[in-house]
Amino acid sequence: MVPDTMSQTVVLGVIGSDAHVVGITILEQALSAAGFDVVNLGVQTSQEEYAEAAVEYDAQAVLVSSLYGHAEQDCQGFHEVLEDAGVEAVTYIGGNLAVGQDDWAETRRTFEELGFDRVFDSETDPEDAIAALRADLDITSTESERATISS
Amino acid sequence: MVPDTMSQTVVLGVIGSDAHVVGITILEQALSAAGFDVVNLGVQTSQEEYAEAAVEYDAQAVLVSSLYGHAEQDCQGFHEVLEDAGVEAVTYIGGNLAVGQDDWAETRRTFEELGFDRVFDSETDPEDAIAALRADLDITSTESERATISS
Amino acid sequence: MIRDERIPSDELRRIDEEIRSNWETGADVDFEEAIEYHESLPEHKRFADVLESADKPLLQPRAGVPRLDDQIELLEYLHREGKADLLPTTIDSYTRDNEYEKAQQGLEKARETGDDTLNGFPAVNHGVEGCRKLIDAIDAPIEVRHGTPDARLLAAITFAGGFQSFEGGPISYNIPYTKRHGLEETIERWQFVDRLAGAYTERGIRINREPFGPLTGTLVPPSIAIAVMLVEGKLAATQGVRSITLGYGQVGNVVQDVAALNALKKLGNEYLPDEVVVTTVFHEWMGGFPPDEARANGVISLGGMTAAIARPDKVITKSPQEFQGVPTKEANASGLRTTRQVIDMAIEQKIDIDGIEEEQDLIERETRCLMDTIFEHGDGDVVQGTLKAFESGALDVPFAPSDSAKGAVLPARDDDGRVRIFEWADLEMDDEIKEIHKARLSQRADTEGREQSFRMVADDVDAISDGKLIGRPQGGA
Amino acid sequence: MIRDERIPSDELRRIDEEIRSNWETGADVDFEEAIEYHESLPEHKRFADVLESADKPLLQPRAGVPRLDDQIELLEYLHREGKADLLPTTIDSYTRDNEYEKAQQGLEKARETGDDTLNGFPAVNHGVEGCRKLIDAIDAPIEVRHGTPDARLLAAITFAGGFQSFEGGPISYNIPYTKRHGLEETIERWQFVDRLAGAYTERGIRINREPFGPLTGTLVPPSIAIAVMLVEGKLAATQGVRSITLGYGQVGNVVQDVAALNALKKLGNEYLPDEVVVTTVFHEWMGGFPPDEARANGVISLGGMTAAIARPDKVITKSPQEFQGVPTKEANASGLRTTRQVIDMAIEQKIDIDGIEEEQDLIERETRCLMDTIFEHGDGDVVQGTLKAFESGALDVPFAPSDSAKGAVLPARDDDGRVRIFEWADLEMDDEIKEIHKARLSQRADTEGREQSFRMVADDVDAISDGKLIGRPQGGA
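Residue numbers (UniProt numbering), protein chains in the order written: chain L, 1 to 151; chain E, 1 to 151; chain X, 1 to 477; chain R, 1 to 477.
Hints listed in this document are in silico derivations from the structure and should not be mistaken for laboratory results.
Misleading hints may appear alongside valid ones.
Dumping the calculated DSS-like pairs for lysine-lysine here, alpha-carbon to alpha-carbon at most 25 Å [stated by the list, open to error]:
#1 K468(X) x K468(R)
#2 K468(X) x K438(X)
#3 K434(X) x K350(R)
#4 K266(R) x K468(X)
None of the values given here were measured: they were computed from a predicted structure.
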């Protein structure tokens, strides 16, 4: 195992009443394989559960997934809840974020305004999320590879 | 064989430049099985060829098939050609008789006005044509069955 | 402690009265009067009889809209234009969550505006009378399809309302549908549903019950699905159900799908009591569809071809608009007719494919391992065994959102496109069988020049919607 | 007396000059310059190379409109949206009848009005330059598809215009297409076409030739179709053609279709000279289609499934609008994508169906009977043998409109849906084989409780458009 001090902890889950589990299951596998410590909260996760887990595991990143089209309402006030709990992690959201995703630029802006650091569409590969995490958490690819080799 | 004096001769063919052969092949088989003497002129038959065959074989009926949508123009003057040749046979036409067969009643009237005794659509079973021939040529079904049995 | 035992009559009556008080329409249910209503229905509306006496696979779509008139019109259309043999009534999401008040608001809004404000037919709110108007109007048997963990009131009302078939079960409507409903709770709820169906059955009204075979709909290994079907079938039989339709969702490999349907039928007859008439239902591909109607028709047709070879008793069809969600009625009927054409062209042909028996044998061995572990976990009791096996992970379902299953087992396709198990986690299985799966996946890894990894799983999940069966690496190795 | 011998160079030149004077655009053909043009084409536009090196069945639709710009747009669309691997240019009916003047009028009217006044692309009228603009514009190989008994000028212009594949042959573009063109005449005409293709081939430009396998498209028994393919392949090879694609039209029974494609490939390699590269093309169902796009998609998908199992080198696809005639470009692309989806989902699966070898063996035996009788009729010469065998009826095609074939042989499906021969007329065949057909048809008659009769033929002709494979009696026996 990678020593705790070196590893980066990521909390992930599906927000709201959404029960789409396939995406985060695969993301969990990809993040683990890439050397991250993953806390998978599963589907139908409330804003409070994200905040509690982020505090408990001292997470560097909170990844929110939503595929059933109600992401915007489910994420109202999410960043206030995180802030109140003292969470300073980067936040990403990804999935089918609007019912009719005609204008992706607008959808992205909506979620950036809600406070997310990055917004991904449902076609995003796990690798893209991993690359973004490495950039945002200041991990070089080499470091991570070293970690994988030593594990 | 049925004696010549008892049998009824039917001339059939596909008129104009039409090369659809399946329908008349099946009709030929059905008419033969029902006891008629059949002269099958095949596809791409001209008005003159019908008239010549009707005279040569002393036909009681001339059956015209058309499936490519140009029946009306192919049949212009057909009954004059038959009359000039001295043909007194009943005449039937069947097939896809108009390009857009929306109004079948109108299509039927068109061909009746051209001189055909009966007009059939492309869904007609051979049995219907045979029943019509028996009625028009005054053959009882029993007679025909007797003929079939004696053959 | 909940066990696989028949609910006593007085307990049945007590629960029945209790749950009927959950919503006002519950008061209209009168069992004796309902029996009379069912007896008045003509033969061709008796679901179990129609299904069990069919000489070729019957087709059934999915369909549900909030208003009664619209639902009648929709089902008439699918019957007339889609030539559906059996019809569905799909229930809305609020009713599935027992939120009858919200369903009522949605229904009233639908009546006011004419919009489909609910994603299904709120049968509880329509009540016994509304249901019977539907049954009376449609000239074919109709099944209730939903996804409700606690379907007791829905069952009480729809059974009294004249429906003679009811989809779902304690595992199959829990594990894939909800996160927090405990399995023990849903088993108890569904014992009541089955007992109620059993009560009708004893009076000569054989209510058909249909456990939901596809589970999570995503690369579920056949033996896991079949084991869940056998458990739910056994639980229903214990409560007196005598017409049970076991389900299976297409994985897309023809040999494996035919083998699985054969195994499902065989093991169903073996594990369920003799007095139960076992039938099978095949669900056309339940995973992601191509975002293109032309390609979707290809996926649907492969399902039709599989059905023509395996000859299940029923096929649940998909529509070419599957990608975008709820289809128009035209697209729904189109999926039915495409399936019908393929089945009718292929079903009279003798198509015996090599390797089906071998694959069926493997599926049966795997299923027996899982059934054995369930019986062992419960010391012979299926209910306790199921609870404990899910708890230990000895029984598991891939991609299960429920907290009641570990969801740790992961599937991947082998080099022939058959679904194998890549990550076993704690799933109970003979080592010999594990070796077979490992060897088949290793063969694929060799073909693709990459290691066995979760990447295969991820690629396979998207493969059919991307136009292939197997998620091969794109571009370079 | 015309024989299967190569046209001498001077004779080739004489005919070439003569036929090029039939229409003004003939003057623009310059063989040496044409060789240079072909040499300048990139690898991915070389038809024979692309087809012969493919590792899965390539898809090709049918498509032709009168104006050059429209044809470019149509082919670009089918390439981009339909993902067609190979493209077609279907020629109009006037050109097929060598009525270049009428084609010219139609083309001019099309240019004036924007309407499609012709049912295809009049390549002779577009001339060498017009053809090359098309070849230059489209990023894939393109084949000329037509139905022309005398295609000499069409070949001269399209070969010089950069097309590297040309459908048709002296039997397959005569017997099913026209009444009065003599077979001797069409053989002579096509010897020139093949010799011209051979002349290009000698210079390194391998023009692919594709005899039209489906013939009359209506329940053609596989052995008859294959015998005609072998004859046309041999005639082309004699004239120097080295890339030959033998065709076969789907009959709808999977086992028989796979067996026929296997036999076609095997016998093609056996009967044709070693220096010829033999490939195969499978035509999706050429008979009557259901008047319903949903059902038509089922028919198309069964073709895709068959192709996935038999793996021909090429598949000619149908569109869901087949019933109504020429499809929109969207429907045409849709037929391509449905076919692609089915093939791509099924092709990696190991699907070995029992009985294919046995059926293939029967087809091969039948074909050898027919080939033997052809050789005997001609005292070893294929041309004379073909002429005399058609004249005697020893070789025949069902539902042939041509006076050159008796058209007296009649097919019917057996109880499994395979096409057998019900009326042999004078077709040459071993008695043992006739007994096999008779027994299979008798089995069907027993199943249906009726006598073997032409009614079966009539019912079978309509069956697929009515939604079934076999034309069973409707209602009572």
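Comparing the hints with the structure gives:
1. Among the hinted pairs, K468(X) with K468(R) is inconsistent with the structure: their alpha-carbon atoms are about 28 Å apart, more than 25 Å.
2. A C-alpha spacing of about 22 Å is found between K468(X) and K438(X), which places the hinted pair at or below 25 Å, so the restraint holds.
3. Proposed proximity of K434(X) and K350(R) is supported: the alpha carbons are some 22 Å apart, at most 25 Å.
4. A distance of roughly 29 Å separates the Cα atoms of K266(R) and K468(X); the hinted pair therefore is violated under the 25 Å criterion.
Hints 1 and 4, counting from the list given before, are not met by this structure.
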